[in-house]
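Participant: Take a look at the letters that make up each chain.
Protein chains: 2
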Amino acid sequence: MSLEGRFEDGVVRVGGDARQRYHDSRGYGYPLEGNEIALAPIEAAHLLYRGDLEAVVDENGDRLEFRSFLAREPGPDFGVRFLVYADLRSRGFYLSPASEPWLDEPPETDFAVFPRGKGPGDGEVAYALQVIGERTDVPARDLEAGVLAVVDEESEITYFEVARRDPTGSSASSLPEGCEADLLADRVVVWEPPLGLYEETFYGQPLEGREYDEPTLQCSLLEAAYLAERGAIDLEPATVRERGREVEGERFDRRFRVYTELRERGVVPKTGYKFGADFRTYADVDSVDDLGHSELLVRVHPADYVFEPRDLALDVRLAHGVRKTMVFALVDEDGIEWWSLERLTP
Amino acid sequence: MSLEGRFEDGVVRVGGDARQRYHDSRGYGYPLEGNEIALAPIEAAHLLYRGDLEAVVDENGDRLEFRSFLAREPGPDFGVRFLVYADLRSRGFYLSPASEPWLDEPPETDFAVFPRGKGPGDGEVAYALQVIGERTDVPARDLEAGVLAVVDEESEITYFEVARRDPTGSSASSLPEGCEADLLADRVVVWEPPLGLYEETFYGQPLEGREYDEPTLQCSLLEAAYLAERGAIDLEPATVRERGREVEGERFDRRFRVYTELRERGVVPKTGYKFGADFRTYADVDSVDDLGHSELLVRVHPADYVFEPRDLALDVRLAHGVRKTMVFALVDEDGIEWWSLERLTP
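From first to last, the protein sequence lines are chains L and Y.
If you read the first sequence in UniProt numbering, its first letter stands for residue 1, the second for the next number, and so on.
If you read the second sequence in UniProt numbering, its first letter stands for residue 1, the second for the next number, and so on.
There may be inaccurate statements among the hints.
Since the list gives no way to pick one copy over another, a pair counts as held whenever it fits inside one copy or between any two copies.
Simulated pairs of lysine to aspartate or glutamate, EDC-like, Cα-Cα distance not exceeding 20 Å [stated by the list, open to error]:
(1) K118 to D253
(2) K274 to D311
(3) K274 to D137
(4) K324 to D311
(5) K274 to E161
(6) K274 to E105
(7) K274 to D286
(8) K274 to E242
(9) K274 to E200
(10) K324 to E59
(11) K324 to E242
(12) K118 to D289
(13) K324 to E342
(14) K324 to E295
(15) K274 to E295
(16) K118 to E105
Simulated from the structure, these hints should not be mistaken for laboratory data.
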């Protein structure tokens with residue numbers, strides 16, 4: 001016998017054998033007094049969708065089947081949340097709204113997704129899941145560790161794992177002193193420095209094809225500013241930084257802070273231009289001859305940046321395609337926060 | 001005997017057997033009266049770099065070898081232009097500054113690159129080449145058909161072919177009338193329309209897993225606005241467009257103009273979200289069962305948009321990785337300009 005629900009005070013109440021059929025064996029809703037259960041509108045919509053509930057009667061006595069119930073959008077972002085709920089159910093997961101009384105001490109997010117084979121009562125959350133549409137802005141300050149589900153215009157869902165990240169490395173760090181260098185419009189040439197500057201600590205790029213023995217290096221303004229501050233090259237640090245600001249404005253100082261932090265952590269940052277990022281990074285550089293592939297792509301943003309999901313999709317997809325992890329460095333006067341984003345298949 | 005040049009009136013004059021060694025046989029400079037030739041500073045720098053010229057004497061009588069000549073930066077963007085000049089020379093191309101008297105009627109760009117095996121006197125230009133650094137802004141209004149060389153912070157060079165593009169297609173276009181539809185927060189549900197709406201004209205996406213026979217479609221607001229305007233679904237076009245603007249602001253109208261134009265040209269645009277683009281497009285859709293891969297990724301910008309080279313690198317690289325061509329649709333009140341960008345190996 002198909003059941004009907006009753007919309008009351010923001011939940012859908014169902015009696016009959018709903019408790020055993022939907023709550024106990026399939027993880028929907030929470031128990032009420034008597035033998036009824038309460039369903040979130042999302043859960044009720046899914047049971048209507050699957051034909052398990054025949055209809056929901058609303059406060060006016062109107063009898064709503066799936067179509068009309070969905071069109072009512074009885075909750076914020078109802079369409080996209082429904083699609084993700086349905087997708088995860090179809091993949092074999094139990095999930096609940098991240099609210100009491102579905103959960104005690106729920107995470108501050110949209111849904112708690114339980115590990116496969118487990119349910120709401122088992123006390124273990126696999127994913128703290130947030131759901132957005134592809135056109136929803138994501139302020140950097142609102143990033144939370146967990147899973148972000150982005151629903152595009154065709155209702156395709158992309159899942160991202162969002163996590164704090166702590167770049168560390170063990171790269172060599174000793175520097176020469178006072179190498180001769182010239183400042184050009186947007187780069188620096190270092191004339192015949194000790195071989196180790198490139199070969200071991202991986203600064204700059206040799207100018208190729210010269211008919212001479214010692215390699216001349218070309219460095220970015222960021223590398224040159226860092227080296228100048230430490231007396232490794234004979235340019236005035238303030239002059240190099242000023243040139244950096246002329247070339248790219250305030251972004252230079254922000255990228256320089258991240259560059260400096262990475263070097264201090266033993267990580268080697270090189271340009272990420274070809275991957276559309278600020279840096280590609282190498283964690284353990286002993287020698288350029290032995291160089292593995294860079295592990296991270298880093299994009300630098302101010303802490304008050306607002307992401308568009310489409311650009312997240314692009315950055316993460318490209319990183320995945322070149323087998324690297326996408327990391328965002330969010331910078332303000334208090335410091336740098338590091339976040340990684342990776343595609344996830346639940 | 002190594003030759004010396006003389007810097008005078010913006011060019012480097014060289015006598016001796018320079019005309020035969022550098023101009024006639026290797027395409028540098030242009031002839032002057034007597035037996036001298038005039039070299040652009042870039043050309044002189046390259047000859048110094050290769051050891052063909054020993055030094056250049058400047059107007060003060062200072063004798064400049066490669067290092068000091070380069071540090072003088074005797075021209076705008078000298079470092080990046082030099083790097084590209086040297087790269088193309090090393091790849092076996094002849095190239096000249098795009099100015100008279102190196103060329104008659106030069107293209108309005110930085111360099112004219114000649115087809116391999118040909119030189120300045122043969123009257124054939126392979127590439128009209130512009131050179132920028134990775135931090136240089138590229139206003140969309142300044143795009144020109146030709147080749148764009150972007151030099152990154154490590155002096156690596158990426159070449160892009162920039163071309164006008166004319167998307168056309170032959171996709172089916174007949175539409176049903178008055179299908180029942182509901183407008184949700186950020187998408188539209190079309191209830192059990194004729195099969196052809198999806199199967200032949202590829203609107204929307206079927207909601208899967210329903211226990212019923214006729215598929216219900218979910219459409220984006222763009223698709224729905226287009227269908228509503230043509231009476232294919234029973235929503236008010238103005239209401240759908242208004243919802244579009246609520247969700248994504250002025251971008252909606254811009255994307256809608258491009259969507260409409262593509263459909264009118266027989267091209268099917270679907271969401272490009274997973275590729276970080278606005279649309280992926282199919283030129284020849286007869287039936288969804290037969291669908292090939294989409295050919296283009298389209299990103300929509302206002303005509304006064306300013307590109308950052310890093311984002312161009314990202315878009316083009318991703319498109320290349322999924323075997324599609326990146327196209328930018330630049331929109332203003334006068335219409336839409338279409339530009340494709342592709343990686344080029346000279």
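Participant: With identical chains treated as interchangeable, where does the CA-CA distance between K274 and D286 reach 20 Å or less: within a copy, between copies, both, or neither?
Facilitator: neither (24 Å within a copy, 38 Å between copies)
Participant: How do K274 and E295 come out at 20 Å by Cα distance, when the copy is not named: within, between, both, or neither?
Facilitator: within (15 Å within a copy, 23 Å between copies)
Participant: Reference check for the pair K118 and D289, CA-CA at most 20 Å: within, between, both, or neither?
Facilitator: Classified as neither; 49 Å inside a copy, 38 Å across copies.
Participant: Using 20 Å as the alpha-carbon threshold, which applies to K324 and D311: within, between, both, or neither?
Facilitator: Both, since 17 Å and 18 Å are each at most 20 Å.
Participant: Quick one: K274 to E161, C-alpha cut-off 20 Å, is that within a copy, between copies, both, or neither?
Facilitator: between (24 Å within a copy, 16 Å between copies)
Participant: Can you tell me if K324 and E242 fall within 20 Å by alpha carbon in one copy, between copies, both or neither?
Facilitator: neither (32 Å within a copy, 41 Å between copies)
Participant: When no copy is named, should K274 and D311 be tagged within, between, both, or neither for a Cα gap of at most 20 Å?
Facilitator: This pair counts as both: shortest intra-copy Cα distance 16 Å, inter-copy 10 Å.
Participant: What label fits K118 with E105 when the C-alpha limit is 20 Å: within, between, both, or neither?
Facilitator: Cα proximity of K118 and E105: one copy only (18 Å, versus 75 Å across).
Participant: Have a look at K274 and E200 and pick one of within, between, both or neither, based on CA distance no larger than 20 Å.
Facilitator: neither (23 Å within a copy, 39 Å between copies)
Participant: Should K274 paired with E105 be assigned to within, between, both, or neither, using CA atoms and 20 Å as the limit?
Facilitator: For K274 and E105, the Cα distance exceeds 20 Å both inside one copy (45 Å) and across copies (34 Å).
Participant: Are the CA atoms of K324 and E342 at most 20 Å apart within a copy, between copies, both, or neither?
Facilitator: within (9 Å within a copy, 23 Å between copies)
Participant: Are the CA atoms of K324 and E295 at most 20 Å apart within a copy, between copies, both, or neither?
Facilitator: within (5 Å within a copy, 26 Å between copies)
This entry does not satisfy hints 1, 6, 7, 8, 9, 10, 11 and 12, going by the numbered hints stated previously.
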